[in-house]
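Going down the list, the sequences are from chains Y and A. The first sequence begins at 1 in the numbering used here and counts up one residue at a time. The second sequence begins at 1 in the numbering used here and counts up one residue at a time.
None of these hints come from the bench; they were simulated from the model. By construction, the Cβ of each residue, glycine as well, lies at the ideal position given by its N, Cα and C atoms. Please note that the accuracy of each hint is not assured.
Okay, derived cross-link-like pairs now, DSS-like style, lysine-lysine, Cα gap no bigger than 25 Å in a straight line [unchecked claim]: (1) A:Lys-225 x A:Lys-239; (2) Y:Lys-256 x A:Lys-45; (3) A:Lys-264 x A:Lys-45; (4) A:Lys-98 x Y:Lys-256; (5) A:Lys-98 x A:Lys-45; (6) A:Lys-295 x A:Lys-43; (7) A:Lys-99 x A:Lys-19; (8) Y:Lys-69 x A:Lys-98; (9) A:Lys-282 x A:Lys-295; (10) A:Lys-189 x Y:Lys-256; (11) Y:Lys-256 x A:Lys-99; (12) A:Lys-43 x A:Lys-19; (13) A:Lys-131 x Y:Lys-256; (14) A:Lys-189 x A:Lys-295; (15) A:Lys-19 x A:Lys-282; (16) A:Lys-208 x A:Lys-295.
Computed from the model, here is a short list of chain Y residues facing chain A with C-beta under 10 Å [claimed, not checked]: (17) Thr-62; (18) Pro-163; (19) Ile-169; (20) Ser-172; (21) Leu-175; (22) Leu-180; (23) Gly-263; (24) Thr-264; (25) Thr-365.
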Amino acid sequence: MAMTIEPREPPTQFAFRLKRALGGRAGWNGFAFQIVLVAVLVWLGYEIVANARANLETQRITSGFGFLKNTAGFDVNQSLISYSGSDSYTRVFFVGLLNTLLVSVIGIFFATVIGFLVALGRLSPNWLLSRVAGAYVELVRNLPVLFQMLFWYLAVLAALPNPRQSISIFGSFFLSNRGLVVPRPIGEPGFEPFALAVVVAIAVALGLRYYARRQLFENGQVIRVWPYVVGALIGLPLLSVLVFGLPVIFEVPALKGFNFSGGTRVIPEFVALTLALSTYTAAFIAEIVRAGIQSVHKGQMEAGASLGISRGTTLRLIVVPQAMRVILPPLTNQYLNLTKNSSLAVAIGYPDLVSVFAGTTLSQTGQAIEIIGMTMGVYLTFSLITSALMSIYGWRISRSMGA
Amino acid sequence: MVSCGVSQGLPGFSSPDDKGNWTGLDVDVCRAIAAAIFNDPTKVKFVPLSAKDRFTALQSGEIDVLSRNTTWTLSRDTSLGANFTGVTYYDGQGFIVKKALKVNSALELNSASVCVQTGTTTEQNLADYFKGNNMKYEVIAFATADETVKAYESGRCDVFTTDVSGLYAERLKFSNPADHVVLPEVISKEPLGPMVRHGDDQWFDIVKWTLFAMVSAEEMGVTQKNADEMAKSDKPELKRAFGTDGNLGEQLGLTKDWFGRIIKAVGNYGETFDRNVGAGSKLQIGRGLNNLWNKGGLQYAPPIR
Chain Y
1 MAMTIEPREP
11 PTQFAFRLKR
21 ALGGRAGWNG
31 FAFQIVLVAV
41 LVWLGYEIVA
51 NARANLETQR
61 ITSGFGFLKN
71 TAGFDVNQSL
81 ISYSGSDSYT
91 RVFFVGLLNT
101 LLVSVIGIFF
111 ATVIGFLVAL
121 GRLSPNWLLS
131 RVAGAYVELV
141 RNLPVLFQML
151 FWYLAVLAAL
161 PNPRQSISIF
171 GSFFLSNRGL
181 VVPRPIGEPG
191 FEPFALAVVV
201 AIAVALGLRY
211 YARRQLFENG
221 QVIRVWPYVV
231 GALIGLPLLS
241 VLVFGLPVIF
251 EVPALKGFNF
261 SGGTRVIPEF
271 VALTLALSTY
281 TAAFIAEIVR
291 AGIQSVHKGQ
301 MEAGASLGIS
311 RGTTLRLIVV
321 PQAMRVILPP
331 LTNQYLNLTK
341 NSSLAVAIGY
351 PDLVSVFAGT
361 TLSQTGQAIE
371 IIGMTMGVYL
381 TFSLITSALM
391 SIYGWRISRS
401 MGA
Chain A
1 MVSCGVSQGL
11 PGFSSPDDKG
21 NWTGLDVDVC
31 RAIAAAIFND
41 PTKVKFVPLS
51 AKDRFTALQS
61 GEIDVLSRNT
71 TWTLSRDTSL
81 GANFTGVTYY
91 DGQGFIVKKA
101 LKVNSALELN
111 SASVCVQTGT
121 TTEQNLADYF
131 KGNNMKYEVI
141 AFATADETVK
151 AYESGRCDVF
161 TTDVSGLYAE
171 RLKFSNPADH
181 VVLPEVISKE
191 PLGPMVRHGD
201 DQWFDIVKWT
211 LFAMVSAEEM
221 GVTQKNADEM
231 AKSDKPELKR
241 AFGTDGNLGE
251 QLGLTKDWFG
261 RIIKAVGNYG
271 ETFDRNVGAG
281 SKLQIGRGLN
291 NLWNKGGLQY
301 APPIR
């Protein structure tokens, strides 16, 4: 019997892969199941929308986004863009959105700074410092953030005098229960050369840093560039002032009637909200950072020491980059939480998106579905952008670690 | 059970006492509806609502009737999918300030900081008034009345503004009511009344005529005390109202004795007014616009016939 060696049939790679991709382990049955699932979800979504539309129509509740063009007719006490009561609801939407964005960005900044400082304090060999930092974390993260907001708001307000007896600093800063009034800068002819000088100074500083790093990596030379950097950053703008005159003059606020007129004001609602959100979130961030630093094996620190690198440099160049990989994902969560918690602002009268748009606008127009939908869309977008930025940062860190 | 949307605590209109019993003018309207339907004024479930949540609660069916010092406006009547059934209280927006500021008129309030509750007609009236009089102001809007009052008391604002009845009611909660003065200007018309959802006209009729029954009773001199006696009267209008002649109550979908049930449960409009906001209450508000039409006020009910 002659053995014939027939070439083996090549496996049906493409069909197999397709089957696997569409149906998972269950094969074509799984694929059919997924189709059914998608169909059910689409049908459910359609029913929900159709049902809401039909109900709105039978009850004759106005629907659609036409209301956005109508005049709002109410005022808002903090706005980053110019706004008055005769503007439209669309403008109100953006006023609220920017106020939410402002408090989130500033809150995230301070939460991160305070969080890192407290974490370093907790890890410090100093007994008292580590206990104080520990007490801070345990106290602040275990109280509801809404109470902390009300506490800061009412405590801050109660402690401050009325505008007529306001605390004056150099006769141009005024602190009262209406907030902090500061002189407002007004642009002068010298402003443009000044701005240009600042930009050039920053470019010079970045260039010097790049040069220093290349020298370090290619020739192993450590060169001191910081005196030149500082010189450029201070010297160039100073030069422009001497040549072209002052870039701005300041409008000093003055008491007029019940309140100050002129100047720029930081309202107490904003201060209380930022303070409460950043101290609250900082307590969580502190724990995340501590966990991250402790997750780096102590041998790394010892290795640094054995190479004769100072403790600070070891932390900065060896420990923190490794810790960042652990810190980043939960840190992103905290940033998202802070943004979402800012919606509690209405309790202390800060005009955020929920207050002016999902509050006043909603009750004036009664169009709950559209307005709540738009508001949710904003928070979703903010959160997705924050996560995306953090993912990009995380990707850069892991890449720079070199496999 | 009637599910009735009320405020989160506005003395005189709807506020719970220390035992959780609700009292007030708006509350009595709901009790009257329950009395007309079930012959039992306690068959009401009160749902406290903030100003901004109230319409959504009505639209979604969480409550059957919204009796929560709500101003009747054209846009609310047309775009919310709900109807106003009448006016329980003719109000207007006013201002309260600390006496120490020595302000005698709202026209002296240029550059003031004003505390308001968000989700009310108040914010728009305020903007109109200050713009119309060419004055500047700063508005700070809070979610609930309590937070608004707290901020005003702590000195964050110079002025607190809401409906005048509300100013008198909230002043009772201040730590020192005598230090505050309500300014004479009334800057808007605020007819307050109950609302029901579109789509049930019979229910709309019942709520509407419950209030008319209370006003008619005052016109005819029927009170909580003399209701049983008056029911035996020979006067044709009383016989029609009490159902001893004809079947008007049944035409509403209720029983013949609906009128008597309402008055025996909460009294006529004048009694309810006095007990909750008028001479018999802490608020001591005069009848003013809320007097009967034949006594110089605006309260008027179509005839029960």
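Going through the hints against the structure:
no.	hint	verdict
1	A:Lys-225 x A:Lys-239	17 Å, holds
2	Y:Lys-256 x A:Lys-45	51 Å, violated
3	A:Lys-264 x A:Lys-45	20 Å, holds
4	A:Lys-98 x Y:Lys-256	18 Å, holds
5	A:Lys-98 x A:Lys-45	38 Å, violated
6	A:Lys-295 x A:Lys-43	34 Å, violated
7	A:Lys-99 x A:Lys-19	34 Å, violated
8	Y:Lys-69 x A:Lys-98	39 Å, violated
9	A:Lys-282 x A:Lys-295	24 Å, holds
10	A:Lys-189 x Y:Lys-256	32 Å, violated
11	Y:Lys-256 x A:Lys-99	19 Å, holds
12	A:Lys-43 x A:Lys-19	17 Å, holds
13	A:Lys-131 x Y:Lys-256	19 Å, holds
14	A:Lys-189 x A:Lys-295	20 Å, holds
15	A:Lys-19 x A:Lys-282	19 Å, holds
16	A:Lys-208 x A:Lys-295	22 Å, holds
17	Thr-62	4 Å, holds
18	Pro-163	9 Å, holds
19	Ile-169	20 Å, violated
20	Ser-172	19 Å, violated
21	Leu-175	13 Å, violated
22	Leu-180	14 Å, violated
23	Gly-263	13 Å, violated
24	Thr-264	14 Å, violated
25	Thr-365	7 Å, holds
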